[in-house]
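**Q** Next come the chains, spelled out residue by residue.
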Amino acid sequence: MEKKIIATTSLAGCFGCHMSVLDIDERILDLIELVEFNKSPVDDIKTFTKPVDIGIIEGGCCNSENVEVLRSFRKNCKILISLGECAIMGGLPALRNGIPIEECLNEAYINGPTVGLNTQHILPNDDELPMLLDKVYPCHEIVKIDYYLPGCPPRADLIWDALVALITGSKLDLPYEVIKFD
Amino acid sequence: MTNKIKIKIDGKEIITDQGKTIVEAAHENGIFIPTLCNFAGALPKGCCRMCTIKINNRFMTSCTTPAAHGMEVENNTIEINDFRKGIIELLFVSGNHFCPSCEKSGNCELQALAYRYQMMVPRFPYDFPIKSVDGSSPYIIKDQNRCILCKRCIKTIKDEHGRHYFAFKERGHKLEVLLDEKMGKEISSALAKKAMENCPVGSIIYKEIGFEVPIGQRKYDHKPIGSEIEN
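Protein sequences, first through last, are from chains A and B.
For the first sequence, counting from 1, position 75 maps to 75 in the working numbering; every step adds exactly one.
For the second sequence, counting from 1, position 148 maps to 148 in the working numbering; every step adds exactly one.
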């Protein structure tokens, strides 16, 4: 069987979901028999170099760069998977959704207890920096997402079972313990 | 002696006492009907619609409908289960339910129902409403972000004179369950713990003992909600 091409990214996430992939332990040797990684922090390929079969998204969208990356994933991947609570519902970054953006920035850069070095009280305003969105959005509210794997992080068994079922076309029968939201 | 009656749930015949609700009859006979606002010992209200069943092709709430002789009830069907899943999804999007940061995670009935019905993502868009948190009581944090307005705390948490600690405020989409400011300051530690236990979600949190039970040992970590009823 030809190897499936996989791309992954972490948007507004903590890389915990990527770490959870490593929890598949020695099955990682089976994984490299099944798939080839393209654009991903795993192999540090920065741009898409070929059409991708499965795109895996960690984290929601909190700024304009996240939206751009997510849209490029939709464009280049046949199947997109939202991996983890942040991609599915915004997760911990979305805790800021009830707070006005100005208040967030002031707390982070001007008024917070740990901003001693910012004596000129500057908010980050370089053109190179992506703009923050008004709130953190789940990925499926920006582009179409095909599958969802919840968890914080998703259990390694869930990621493994889902990936193998998707690649080999076998039936997915998930045990109760692997679907968790924390 | 009470009269015995026979009803059928999904074709299975069960015998129960006259006057019992369908939920009570089903649970006594090892058939699980999911409930959320219903609480043993308190008057059923039928507001969350989780226990919806079908009788004579009509949707009814089984916590408020008394069982009657010869009734034929549809419970565990694809249509009804999807309806229930839809209710869970609506509750998830209409509040701010951040499971990874919630102290009730693993012991939460709403989350457990979502696990049971395999909710991977809600079909509705997230609302992210702006809600308040009240920490003025010495023992209780009342977090409106997680409240599902089931009224279980209002019905079950009372003082020795029968006065309620919790009450509804406002109406419609502004409706909230508030802890009385004065009584909240006087609430006993034991009653505060009971309030947390009776809350199906993490809206009532007992202060200073968060995340007491580690992941893997919590109530719904290994067995789905309702597995203690089913046989």
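Everything labelled a hint here was simulated from the structure, so no lab data went into it.
Heads up, a few of these hints could be off.
[Claimed, not checked] Computed cross-link-like contacts, DSS-like style, restricted to lysine-lysine with a CA-CA straight-line distance of at most 30 Å:
id: 1; chain 1: B; residue 1: K6; chain 2: B; residue 2: K194
id: 2; chain 1: A; residue 1: K171; chain 2: B; residue 2: K85
id: 3; chain 1: A; residue 1: K135; chain 2: B; residue 2: K45
id: 4; chain 1: A; residue 1: K135; chain 2: B; residue 2: K85
id: 5; chain 1: B; residue 1: K169; chain 2: B; residue 2: K85
id: 6; chain 1: A; residue 1: K144; chain 2: B; residue 2: K185
id: 7; chain 1: A; residue 1: K135; chain 2: A; residue 2: K171
[As the list claims (entries may be wrong)] Computed list of chain B residues with no C-beta within reach of chain A, every gap over 10 Å:
id: 8; residue: K4
id: 9; residue: Q118
id: 10; residue: Y139
id: 11; residue: I215
id: 12; residue: P224
Here the structure is a predicted model, which is why all the values come from computation and not from measurement.
Beta carbons: idealized from backbone N, C-alpha and C, even for Gly.
**Q** The structure should be examined with respect to each hint, and the outcome stated for every one.
**A** Verification of the hints:
| no. | hint | result |
| --- | --- | --- |
| 1 | B:K6 / B:K194 | 36 Å, violated |
| 2 | A:K171 / B:K85 | 22 Å, holds |
| 3 | A:K135 / B:K45 | 36 Å, violated |
| 4 | A:K135 / B:K85 | 27 Å, holds |
| 5 | B:K169 / B:K85 | 28 Å, holds |
| 6 | A:K144 / B:K185 | 49 Å, violated |
| 7 | A:K135 / A:K171 | 37 Å, violated |
| 8 | K4 | 36 Å, holds |
| 9 | Q118 | 6 Å, violated |
| 10 | Y139 | 24 Å, holds |
| 11 | I215 | 7 Å, violated |
| 12 | P224 | 6 Å, violated |
This entry does not satisfy hints 1, 3, 6, 7, 9, 11 and 12, going by the numbered hints stated previously.
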